[in-house]
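Quick note, the sequences are listed as chains W and S, same order.
Numbered according to the numbering used here, the first sequence terminates at residue 208, and the numbering increases by one at each position without gaps.
Numbered according to the numbering used here, the second sequence terminates at residue 208, and the numbering increases by one at each position without gaps.
Don't read these hints as lab results, they were simulated from the structure.
Treat each hint with caution, since some may be false.
[Claimed, not checked] For the chain W half of the interface with chain S, some residues (derived, Cβ under 8 Å), not all of them:
1) Ile-119
2) Glu-156
3) Val-161
4) Asp-162
[As the list claims (entries may be wrong)] Ranges of calculated distance between the beta carbons of each label pair, as one might list FRET restraints:
5) S:Gln-106 to W:Arg-30: 37 to 43 Å
6) S:Lys-18 to W:Glu-23: 31 to 37 Å
7) S:Glu-171 to W:Glu-9: 46 to 52 Å
8) W:Pro-121 to S:Leu-61: 33 to 39 Å
Note that beta-carbon positions come from the ideal geometry of N, C-alpha and C, so glycine has one too.
2 protein chains.
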Amino acid sequence: MRLAELSAESGVAVATLKYYLREGLLHPGRTLSRTSADYDESHVDRVRLVRALSEVGGLSLATIEQVLEVITEPGTDRLHVLEAAQRTLVRAGARTPDGADGGSTQRVRDWIERHGWEIDPMDPFIDDLARAWEACDHAALGLDEDRMDRYAEHVEGIATVDVSTVPEDPEAAVRHVVLGTLLVDPVLVALRRLAQQHVSRRAERVGP
Amino acid sequence: MRLAELSAESGVAVATLKYYLREGLLHPGRTLSRTSADYDESHVDRVRLVRALSEVGGLSLATIEQVLEVITEPGTDRLHVLEAAQRTLVRAGARTPDGADGGSTQRVRDWIERHGWEIDPMDPFIDDLARAWEACDHAALGLDEDRMDRYAEHVEGIATVDVSTVPEDPEAAVRHVVLGTLLVDPVLVALRRLAQQHVSRRAERVGP
DNA sequence: CATCTTGGATAGTGGAACTATCTCACTAGC
DNA sequence: GCTAGTGAGATAGTTCCACTATCCAAGATG
Numbered sequence: 001m002r003l004a005e006l007s008a009e010s011g012v013a014v015a016t017l018k019y020y021l022r023e024g025l026l027h028p029g030r031t032l033s034r035t036s037a038d039y040d041e042s043h044v045d046r047v048r049l050v051r052a053l054s055e056v057g058g059l060s061l062a063t064i065e066q067v068l069e070v071i072t073e074p075g076t077d078r079l080h081v082l083e084a085a086q087r088t089l090v091r092a093g094a095r096t097p098d099g100a101d102g103g104s105t106q107r108v109r110d111w112i113e114r115h116g117w118e119i120d121p122m123d124p125f126i127d128d129l130a131r132a133w134e135a136c137d138h139a140a141l142g143l144d145e146d147r148m149d150r151y152a153e154h155v156e157g158i159a160t161v162d163v164s165t166v167p168e169d170p171e172a173a174v175r176h177v178v179l180g181t182l183l184v185d186p187v188l189v190a191l192r193r194l195a196q197q198h199v200s201r202r203a204e205r206v207g208p
Numbered sequence: 001m002r003l004a005e006l007s008a009e010s011g012v013a014v015a016t017l018k019y020y021l022r023e024g025l026l027h028p029g030r031t032l033s034r035t036s037a038d039y040d041e042s043h044v045d046r047v048r049l050v051r052a053l054s055e056v057g058g059l060s061l062a063t064i065e066q067v068l069e070v071i072t073e074p075g076t077d078r079l080h081v082l083e084a085a086q087r088t089l090v091r092a093g094a095r096t097p098d099g100a101d102g103g104s105t106q107r108v109r110d111w112i113e114r115h116g117w118e119i120d121p122m123d124p125f126i127d128d129l130a131r132a133w134e135a136c137d138h139a140a141l142g143l144d145e146d147r148m149d150r151y152a153e154h155v156e157g158i159a160t161v162d163v164s165t166v167p168e169d170p171e172a173a174v175r176h177v178v179l180g181t182l183l184v185d186p187v188l189v190a191l192r193r194l195a196q197q198h199v200s201r202r203a204e205r206v207g208p
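Using the sequences provided together with the hints, build the complete structure.
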């Protein structure tokens with residue numbers, strides 16, 4: 001198919017597709033002549049994935065490029081699947097260069113240990129959690145360790161579902177973990193809003 | 001305190017604080033003379049909140065302005081606390097103007113009904129969920145209704161914790177719900193990453 | 001053959017979030 | 001009192017990002 005057809009198929013403007021080609025987000029089509037190239041289903045899929053990561057996942061195009069690099073690159077050996085995926089996710093989530101201060105990071109490490117989770121103490125998501133927790137503190141939301149325990153219990157259930165659905169094939173696994181993490185996040189966020197509605201409505205009916 | 005002190009206290013550049021003042025994100029200090037104004041703790045808190053919503057929550061300054069408007073505005077009556085909060089959150093989460101197509105929205109409505117949640121069929125988060133779910137479909141992540149049920153079960157637990165921690169006072173409640181939703185999202189996202197690590201490591205030790 | 005597309009290259013646009021400069025009143029030190 | 005320096009406010013400029021519009025030459029189309 002030609003670029004204009006790819007545009008029609010994916011709903012993305014031709015000029016934008018050219019831009020994606022330039023930026024390396026979209027692999028070039030098979031050049032037929034100086035004025036025509038052939039694109040196939042893989043291009044449609046790719047464009048849709050880029051749009052999904054951008055619009056639903058909220059990632060920047062630069063980040064998307066890195067994500068694509070990892071999930072399309074073969075040669076990840078079986079043992080390091082999750083490791084590779086996590087490394088990608090770390091870079092995908094990188095927001096500000098400045099980390100949380102040492103104190104709040106230590107609080108997270110302590111909490112993890114007390115909670116009984118087996119996590120590498122240098123895991124970069126510890127820093128993310130520390131920053132997010134700290135922000136809740138400043139806003140006086142009363143997010144204490146007890147409430148964190150209760151959240152963690154439910155999140156562990158979610159993670160169990162996540163892990164149980166990872167395919168055997170190592171290459172598919174990296175793709176699944178990376179995309180499953182990035183794209184399911186918004187699903188869970190929306191579910192949380194809906195569940196809050198349901199729960200509070202139920203409480204209202206039962207309560208006063 | 002003077003603007004320079006507020007800057008030192010909050011770690012935000014003076015020029016940026018001036019910009020926030022111009023944009024109405026920061027309430028003006030008490031003007032002492034043509035060349036000095038007095039800022040207090042409320043300003044420090046406000047700046048930290050803006051930074052938290054921006055850096056941790058990933059909101060745009062325009063959105064933050066709307067959020068601040070709602071949580072600082074008094075006069076929300078007791079009954080409409082959650083409604084007001086949800087309306088704010090809808091606007092806070094608004095990304096792209098185009099919604100999901102009718103089919104995938106209907107699937108979400110059907111799923112909600114089968115799942116037994118009591119949700120307004122016109123709730124705007126249904127559209128968010130539809131879009132996010134659709135994106136997972138395109139990526140072939142195998143997110144079927146069964147897996148959605150399992151996610152929902154755990155998310156309901158999270159929402160129960162959320163609702164149980166909302167304060168009685170209606171004004172405090174709006175603030176708590178809005179900020180608690182926006183700022184705790186990143187906490188849960190980070191927790192999910194860590195929990196995946198923990199769960200998969202545990203599975204590895206038990207399994208092959 | 002004349003016209004219309006197409007792919008590729010280059011430059012321009014608009015919005016967001018700052019940042020730098022300028023002016024002028026005020027204040028502190030002498 | 002006088003001068004040097006600082007702070008507040010206003011204005012204009014910068015940087016980055018994600019596109020978008022224009023141009024051109026080669027090739028397809030009628």
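Given the hint of 33 to 39 Å, check if Pro-121 (chain W) and Leu-61 (chain S) actually sit that far apart at their C-beta atoms.
-> At roughly 36 Å between Cβ atoms, Leu-61 (chain S) and Pro-121 (chain W) fall inside 33 to 39 Å, so the hint holds.
Could you say whether the range 31 to 37 Å given as a hint is met by the Cβ separation of Lys-18 (chain S) and Glu-23 (chain W)?
-> holds (35 Å)
Hinted contact Val-161 (chain W) with chain S - closest CB pair below 8 Å = Val-161 (chain W) check passes; min Cβ-Cβ to chain S is 5 Å, inside 8 Å.
Report holds or violated for the interface hint on Asp-162 (chain W), using the least CB-CB distance to chain S and a cut-off of 8 Å.
-> Holds - the Cβ of Asp-162 (chain W) comes within 8 Å of chain S, reaching about 6 Å at its closest.
Holds or violated: is the Cβ of Glu-156 (chain W) closer than 8 Å to a Cβ in chain S?
-> Holds, because the Cβ-Cβ distance from Glu-156 (chain W) to chain S comes to roughly 5 Å (cut-off 8 Å).
Is it true that Glu-171 (chain S) and Glu-9 (chain W) lie within 46 to 52 Å of each other by Cβ?
-> holds (51 Å)
Do the numbers back the hint for Ile-119 (chain W), that is, is its least Cβ distance to chain S under 8 Å?
-> holds (6 Å)
Measuring from beta carbon to beta carbon, are Gln-106 (chain S) and Arg-30 (chain W) in 37 to 43 Å?
-> holds (39 Å)
Violation of the numbered hints given earlier is absent; every hint is satisfied by the structure.
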